[in-house]
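Take any residue in the sequence shown, count from 1 to its spot, add 8: that is its number in our numbering.
No lab work stands behind these hints: they were computed from the structure. Please read these numbers as outputs of a predicted model, since none were measured by experiment. Don't be surprised by glycine CBs; every beta carbon is placed ideally from N, CA and C. The reader is advised that the hints may include incorrect statements.
Claimed, not checked - Here are the computed distance ranges between Cβ atoms for each label pair: (1) Asn20 - Leu81: 36 to 46 angstroms; (2) Ser118 - Ile65: 34 to 44 angstroms; (3) Leu67 - Trp26: 44 to 54 angstroms.
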Amino acid sequence: MSVGTLLPGSENVEDADWLHLTEGETVEWVGRPSAYTIATSIVVGVVLAAVGIGLAIWLSTMDLPPWAAALPLVLVVVGIGRILMAYLDWVRLLYVITSEEIYVKHGLVSRDVTQIRLDRIQNTAYDQSVAERFLSFGDVRVYTAGTSTEDVTFRDVPDPQRVKRTLTNLLSEQGRREPGEL
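Work the whole structure out from these sequences, hints included.
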C-alpha cells in the first residue's frame, strides 16, 4: 500500500466502517490533502496567538483594569481557533484507492462518502501550478463513463503524478482481466 499524507491511526483504513472491501480487494493508496494547504492558516493562527499573548503581557504592566489587560487574550482564542479549524478541515477529508474502487470521505462525525468502481472510470488527469510543483502537490481528476464532466477530484494530494500512475496501473490491470473475473 502506498500512503500519502496521513495522521496516526489512519494507516488502518481497511478497518474503517465506511470502506467496503470485497474478498481479495486491496488498498493501493491512501491520502489526504498536502499539509502545505493548511500552513498559511496555522502561521496566521500562531501569529494571532503570539500577538495576543504579547499584548496581554505588555498591557498587564500598565495601570489598567484587569479586564483591559485580558482583552488581547481574545486574539489568542481566535488564533487557536483558526489553527484548530484548519486542522479539522484537513483531517475530515480522506482519499482511498483500492484495487477495485476509489473513495472520497468527507467528515469526522457525519460522513459523506463517494465511491466509484474502477470499471466506470474513463479518464484521469492531474494538474499542478508552479507553486504546487515546487511543493509537490496538486489535483488528480477522475472522469467516469457516461459523463463529460469530472466526477471526483482528489484535491491538493501529495505527489499527484504518483496517484495518477497508481490509478492508471489499476485501470490497465482491469482492462486485462477476463469479463467477470475478480
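Tested hints:
Distance hint check: the CB atoms of Asn20 and Leu81 are about 39 angstroms apart, consistent with the given range 36 to 46 angstroms. As the Cβ distance of Ser118 to Ile65 is approximately 41 angstroms, the hint placing it in 34 to 44 angstroms holds. Judged by the Cβ atoms, the range 44 to 54 angstroms given for Leu67 and Trp26 holds: they are separated by roughly 49 angstroms.
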